[in-house]
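> These are the residues of each chain, in order.
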Amino acid sequence: MHYESPIREPLILDDKTLHDITEDIAAPVEGKANKWWWALFLFSLVTFMWGAGCLAYTAGTGIGVWGLNKTVGWAWDITNFVWWVGIGHAGTLISAVLLLFRQKWRLSINRSAEAMTIFAVVQAGLFPIFHMGRPWLGYWVFPLPNTYGSLWVNFNSPLLWDVFAISTYLTVSLVFWYMGLIPDFAMIRDRAIKPIPKKIYTLLSFGWSGRAKHWQRFEELSLVLAGLATPLVLSVHTIVSMDFATSVIPGWHTTIFPPYFVAGAIFSGFAMVQTLLLVMRKVVNMESYITIKHIEYMNIVIMVTGSIVGVAYITELFIAWYSGVEFEQYAFLNRATGPYWWAYWSMMTCNVFSPQFMWFKKLRTSIAFTFFISIVVNIGMWFERFVIIVTSLHRDYLPSSWTMFSPSFVDIGIFVGTIGFFFVLFLLYARTFPVIAQAELKTIVKSSSTQSRKISHE
Amino acid sequence: MNKKIIYGIYDDDDIILNAVKTIREKGIEINEVYSPFPIHGLDHALGLKPTRLAITSFIYGCTGLSLALLMMWYMMIQDWPMNIGGKPSFSLIENLPSFIPITFECTVFFAAHLMVITYLIRCKLYPGSSETSPDPRTTDDMFLMEIESYGNEAEVIALFKETGAVEVKEEKID
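Top to bottom, those sequences are chains A and B. Heads up: the first sequence is residues 1 to 458, going by the working numbering. Heads up: the second sequence is residues 1 to 174, going by the working numbering.
Don't read these hints as lab results, they were simulated from the structure. Here the structure is a predicted model, which is why all the values come from computation and not from measurement. C-beta: ideal position from N, C-alpha, C; glycine also. Some hints could be false.
Reference listing, derived: stretches of chain B covered by chain A, where coverage requires no fewer than 3 residues with Cβ under 8 Å from a Cβ of chain A [said to hold, decoys possible]: (1) 26 to 39; (2) 51 to 60; (3) 86 to 99; (4) 103 to 114; (5) 119 to 131; (6) 153 to 163.
Here are the simulated DSS-like cross-link-like pairs (lysine-lysine), alpha carbons at most 27 Å apart as the crow flies [said to hold, decoys possible]: (7) Lys293(A) / Lys362(A); (8) Lys199(A) / Lys124(B); (9) Lys213(A) / Lys3(B); (10) Lys161(B) / Lys446(A); (11) Lys4(B) / Lys87(B); (12) Lys213(A) / Lys26(B); (13) Lys213(A) / Lys49(B); (14) Lys4(B) / Lys161(B).
Per label pair, the in silico range of CB-to-CB distance [claimed, not checked]: (15) Ile59(B) / Trp140(A): 31 to 41 Å; (16) Glu25(B) / Val283(A): 28 to 38 Å; (17) Arg431(A) / Phe90(B): 50 to 60 Å; (18) Tyr322(A) / Gly85(B): 19 to 29 Å; (19) Glu25(B) / Lys104(A): 24 to 34 Å; (20) Ala33(A) / Glu29(B): 48 to 58 Å; (21) Tyr178(A) / His44(B): 46 to 56 Å; (22) Phe58(B) / Val46(A): 45 to 55 Å; (23) Glu155(B) / Arg102(A): 32 to 42 Å; (24) Lys49(B) / Tyr178(A): 20 to 30 Å.
Given the sequences, and given the hints that come with them, work out the whole structure.
Below, the structure is given as structure tokens:
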């Protein structure tokens, strides 16, 4: 019995059988790293160390070592925080939303996208914690009884909503990811020959044996977790946007922020997935699983969400004019034509103009072009957050306090350091974890692989 | 009585699904089926009851929702009401809009984590468990059916072969 749709392109190429999938996905874990991996890893590690040094300097001396001043109290720190959280969103979107929509193409990319989510949220979390100035008192954000009365945290504050949203998001993404990993760790365990890897993967696989009842529960669990993760991911960036939207700063006080931030998050997240997977599919030989079709689908998501973001930018401008509030009007005029015009127009070019190339099939199926656009979008989305945060703050209600922001070497070091940390984590993951959800991918071998097509044509 | 466990190993999910149906029609009890991936319809064919994980998740979610509201009511309204920005905290209903985000997050937190813990406990999955399937190939590309026989092993073996098993193994218990 073979079920297939003749219209849809196959998602698994090169006549892979079930056993081939096992071999291909276990190969990077069982094999040795090549020199490209080592080169990248060492480079990322050094960058990470540099960032860690800058963080230690910040914690030891105080956040005065950053470029912040009295007018611009939030700058690179919160820009980086929102940028990293946004990147994380694509992973949950791929694993949860596409599961609810029964999109089978998610199966080759969900594992790595979720790994990206978790590693990105880890980077994001560093910024608000260090911005507190005394990171060792970070646990004060939780509602714990204390010696002041108890003086509780303020549940009316969007910053506290963020604490709950980000911690729920990180932990739920982590268990969602891990539950899917258990059967795949079991596969590696059952193949392991050397005693130490065997021990490690036995520990990681929790004694999974693939019983029918376990699979039944596994599928129900995945479905319900996807159903919970979908509104969760939307709520997280909604709440992040409320850090701004509930304030009275012109340029921040905007009701369209929640959907606009969520679309932007998906947009930047998919760009980061492309950046990572285009390299990964080559380095660990996953080209039969992460095909041009997958890349094309993701490019379409980038195009659609990029256009939504574009509409949001233009709506903001229109509403600023239509509101008749001169502070609001000035905030937007200042963004586009003020001293930060270059940041605004970089954002516009990277986020609104560049994804429009994806209307052309030739371009959205080109690997080199996709890689280029993915980098452009990553840069553009960083500028979006910078524009929203810094240009809204640097010229406030009082012209005497107008000023500019320039990052110190510590700001730059911490940002670059988190990129290093992110790649350290991702590179370690790519060598020790099954990078594709192979158990679930095996369910579509009969319906959408080149191998099945051959059999049914015979 | 000599009790034996017999394994039939199949190499295709559709074949083992049909085999499960045929063998159960003959009135033979199937102990367990091990497979490398979830087989659609296998739980019905084996006569497994639907799982109640989703129901537990709903209950956990309701717990999270109530606890979140109770916590915020106690801290913000009962224990230490404050007038923040001219918006005093005097009753739960008045303050509810700004409690919604955390109520939602706590609902999801409880529903997801407690369901996962329930799943791990029910499936007896834990780090350090040394359980594996009877044949390591069942996490690769093989499907294994396990039947306990009480003197009727010849019939079971014949049935396995008839329904397309590529390999049959026997294991004696006591």
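> Indicate, hint by hint, whether the structure satisfies it.
Hint check results:
With 8 residues carrying a beta carbon less than 8 Å from a beta carbon of chain A, the stretch 26 to 39 of chain B meets the three-residue requirement, and the given coverage holds. With 4 residues carrying a beta carbon less than 8 Å from a beta carbon of chain A, the stretch 51 to 60 of chain B meets the three-residue requirement, and the given coverage holds. A count of 5 residues in the stretch 86 to 99 of chain B with a Cβ less than 8 Å from any Cβ of chain A is obtained; the coverage claim is therefore met, three being the minimum. Interface restraint, the stretch 103 to 114 of chain B with chain A: holds (8 residues with C-beta to C-beta distance below 8 Å; minimum three).
Figure legend: the stretch 119 to 131 of chain B, annotated as covered by chain A; annotation consistent (12 residues with Cβ-Cβ distances under 8 Å, at least 3 required). Only when three residues or more bring their CB closer than 8 Å to a CB of chain A does the claim for the stretch 153 to 163 of chain B stand; here the count is 0, and the claim is violated. With a C-alpha separation of about 12 Å, the suggested pairing of Lys293(A) with Lys362(A) holds against the 27 Å cut-off. Restraint check for Lys199(A) and Lys124(B): the C-alpha separation of about 19 Å stays at or below 27 Å, so the hint holds.
Between Lys213(A) and Lys3(B), the direct Cα distance comes to roughly 24 Å. Compliance with the 27 Å bound is thereby established for this hinted pair. Between Lys161(B) and Lys446(A) the alpha-carbon distance is near 24 Å, which keeps this suggested pair within the 27 Å criterion. Restraint check for Lys4(B) and Lys87(B): the C-alpha separation of about 74 Å exceeds 27 Å, so the hint is violated. A C-alpha spacing of about 22 Å is found between Lys213(A) and Lys26(B), which places the hinted pair at or below 27 Å, so the restraint holds.
Annotation: proposed proximity of Lys213(A) to Lys49(B) holds, straight-line Cα distance about 9 Å (limit 27 Å). For a cut-off of 27 Å, the pair hint linking Lys4(B) to Lys161(B) stands: about 17 Å separates their Cα positions. Taking 31 to 41 Å as the suggested C-beta distance range, the pair Ile59(B) and Trp140(A) conforms, at roughly 32 Å. Between Glu25(B) and Val283(A) the C-beta distance comes to about 50 Å, which lies outside the given range of 28 to 38 Å.
The hinted window of 50 to 60 Å between Arg431(A) and Phe90(B) holds, with their beta carbons roughly 57 Å apart. Taking the beta carbon of each, Tyr322(A) and Gly85(B) are about 28 Å apart, inside 19 to 29 Å as hinted. About 32 Å separates the C-beta atoms of Glu25(B) and Lys104(A), a value consistent with the hinted range of 24 to 34 Å. With their beta carbons about 49 Å apart, Ala33(A) and Glu29(B) fall inside the hinted range of 48 to 58 Å.
Checked against the hint of 46 to 56 Å, the pair Tyr178(A) and His44(B) fails, with Cβ atoms roughly 28 Å apart. A beta carbon spacing of about 49 Å between Phe58(B) and Val46(A) agrees with the range 45 to 55 Å that was offered as a hint. Take Glu155(B) and Arg102(A): their Cβ atoms lie about 41 Å apart, and the range 32 to 42 Å holds. Checking the proposed 20 to 30 Å range against Lys49(B) and Tyr178(A) shows it holds: the Cβ atoms sit about 26 Å from each other.
Checked against the numbered hints above, the structure breaks hints 6, 11, 16 and 21 and satisfies the rest.
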